[in-house]
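Peer 1: Here's the letter readout for the chains.
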Amino acid sequence: MGSEHPPVEEHDESKKLKVQIQEKDLLCINGCGFYGTPQWGNRCSKCWRSHLALMKKHHDFTKNRTLLSFDNFQERRKLSTESRSMTIKKIFKPSAMLGEGQSQTMTPSSSMSPVTTPTRVRSLSPESKASREAFSEYLSKNLPFLLVQDIVKTVKYATNKIHELNAISPDELSDLVQNFYQGVSEKLNHNPVFTSGKLKVRTQDVMEEIEKFLCVSCYSRLFCASSDEEVADVSLQDRIRSLHWVTAGFLETKLDFTNVSKCKTTNCQVRDKLDEAISQIIDMNGHRTAEKKLRCLIDCCHAIFEALKESVAPTSADEFLPVLIYVILKGNPPLIQSNVKFISRFALASRVMSGESGYFFTNLSCALQFVQEMNHESLRMNQDEFEAYTSGHLAPPLSLMNCACNQAIGSMERSLAEVGELLKKQQQLLVKIEELDVKMTKENEEMAVQFANFLKVNPSQKYLQMKEEREKVEQETKLACSLSDSWSSSKLSSSRNSEDEPKATEQATSTLLQ
Amino acid sequence: MANRGGNSASRAGGSAGTGSNRTCQFKLVLLGESAVGKSSLVLRFVKGQFHEYQESTIGAAFLTQTVCLDDATVKFEIWDTAGQERYHSLAPMYYRGAQAAIVVYDITNQDSFQKAKNWVKELQRQASPNIVMALAGNKADMANKRTVEYEEAQAYAEDNALLFMETSAKTSMNVNDIFMAIAKKLPIGPPPGQPQDTVDVNQPAQQQKSGTCCK
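These protein sequences, in sequence, are chains A and B.
In terms of my numbering, the first sequence opens at residue 1 and continues consecutively.
In terms of my numbering, the second sequence opens at residue 1 and continues consecutively.
Please note: incorrect hints may appear among the correct ones.
[As the list claims (entries may be wrong)] Restraint ranges, calculated between C-beta atoms of paired labels, are given here:
{"#": "1", "chain 1": "B", "residue 1": "His51", "chain 2": "A", "residue 2": "Gln372", "range": "34 to 42 Å"}
{"#": "2", "chain 1": "A", "residue 1": "Leu165", "chain 2": "B", "residue 2": "Asp70", "range": "26 to 34 Å"}
{"#": "3", "chain 1": "B", "residue 1": "His51", "chain 2": "A", "residue 2": "Leu165", "range": "52 to 60 Å"}
To be clear, the hints were calculated from the coordinates, so they are not data collected in a lab.
Just so you know, even glycine gets a beta-carbon here, dropped at the ideal spot from N, CA and C.
All chains should be built: construct the whole structure from the sequences, respecting the hints.
Peer 2: Below is the structure:
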């Protein structure tokens, strides 16, 4: 009892204390007049709920702010652009990287890289795995084993090196990669296997494969690696957005959006071709290898040429460059500058310096530079006007060309034209119907007349037969009548029968006629 | 496979040393005011076509053509440039690394001749020093409307050590000749390898490279 007593007392005291406190603070701390409870932070139920809502709002806000902060935004965007194409693969092969992680060149190097987060390594794996397989398959198919081993070793070393060197600037990295290409191609050129001329492939082909593999496996390290470049990209995108009003008319392109008549037959319009070009240039960002990026660019440029062809404009550089600029302004392709830099830094020099890809790449670089430096002089207008349009204070005047570029107006025009045509067709149809009506009644009458005449002239066999039968029957009735007449005088009782007889014969003839 | 097929144009750029007849690839850039007939000239040279209203069916901005010389085959990669004044500042990107340039003017347009002179001046200052330059006075078939005298242009070309011809894309006068003249002046010298103007720059780098990267 003695040992039990004090705790009871204490309990009592605390109870007393509590009661005293409760007496003071029993009401909701918000002072709304209701009673509060300790587990609700001394609030009444209503105040507690509103407090919770407030807290949640605050929490969400801070969370959003961190998410929307610039670095994170870019980080996420990079992540999303990289993993966009492989999400499905990721679902099906979640542990692809765990299984084959140790076996080959790519994975250890990427895990070494400090830039890659764990999630990104996983999303990166399937694509580079595929490219690694394609690469080794290509090599083993076309080259002798010893040389393959040599090349794989060299490339593996290079990829590891690229991932290790993280303090290096992109331009220095570019020098290293270009030197690496140069070194390998020299080495291959001097290799007796290639000089003997027995191989189907040439050094250039092998170099292209090496470049492809290097681009894919080190993409995270090579593409858009520094945040400065991301900032430059974002600012370029903003700039392009502010230049939305610069349309084909201002650039003096020779695109002819109104050329509908020709398009109807060939089923490809200038606008469609331009849309294709725009989607191709946007697609550039979706690929990892310099080769595929350039392929998109080439397709884009070819679509532009077709659009020019459709507009019956000459397809020379004088016309091509303005349209390319227009396509860039309209498409506002994502991370375009980073893509250009990636290609110029890490693609084989032969791609960038020569050939169709080189030419179009130069044009793209030029177009981007033009967009960046675009001012009132380059559009031949006065400065105030240019700035007013760019800042959005003034809307540019609606010229024919500018309207033609506008998608909405374009589709409205198209619908109007279609409606007009439909109306015309309808009227034509109405006229035709009337004509047909008149013709039909006329022909009907004519037909009736002709039919009657024809029947008069050429009665059919059946008709003649029927006619004969009728005549026969008539004669018989006449005979019967004359007989009945003679009979009627003699017999009155039979007269009724004789009267019935002609009726029956008449009926028979009418049915036959029918 | 399909992907690689697309690069045939660039791959064909490599030089193939087969016997005495080598193939060398050169980049030739066309400069000149717009509408002087740059692309017509190229179309005539490459396709043998001329269209009065330029209803060309192909992209004439980038074309290749091969010319056979006695001891070598020269493959021209012809880069057309936009001639409008507003794109003038972008030109260095086009003529960077070009081994040859044709500056075109219109003999019926004195202004285009002045522009051509500016181009020549700019190329002398900024293009690679051993670039082969040619001056072409196009539209020679319209001699009755001539405003630029032959002698004047000839004298200017001599002063600046340029190849000079008056050409006509319409009648094809001198078109092949001017390209042949350029081909003959080009250095066919370098042995099989990348015929690029950066070869000498890359060689030391490559040696250094083989030490650091290629085991």
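Peer 1: If you check each hint against the structure, which ones fail?
Peer 2: The structure breaks only hint 2.
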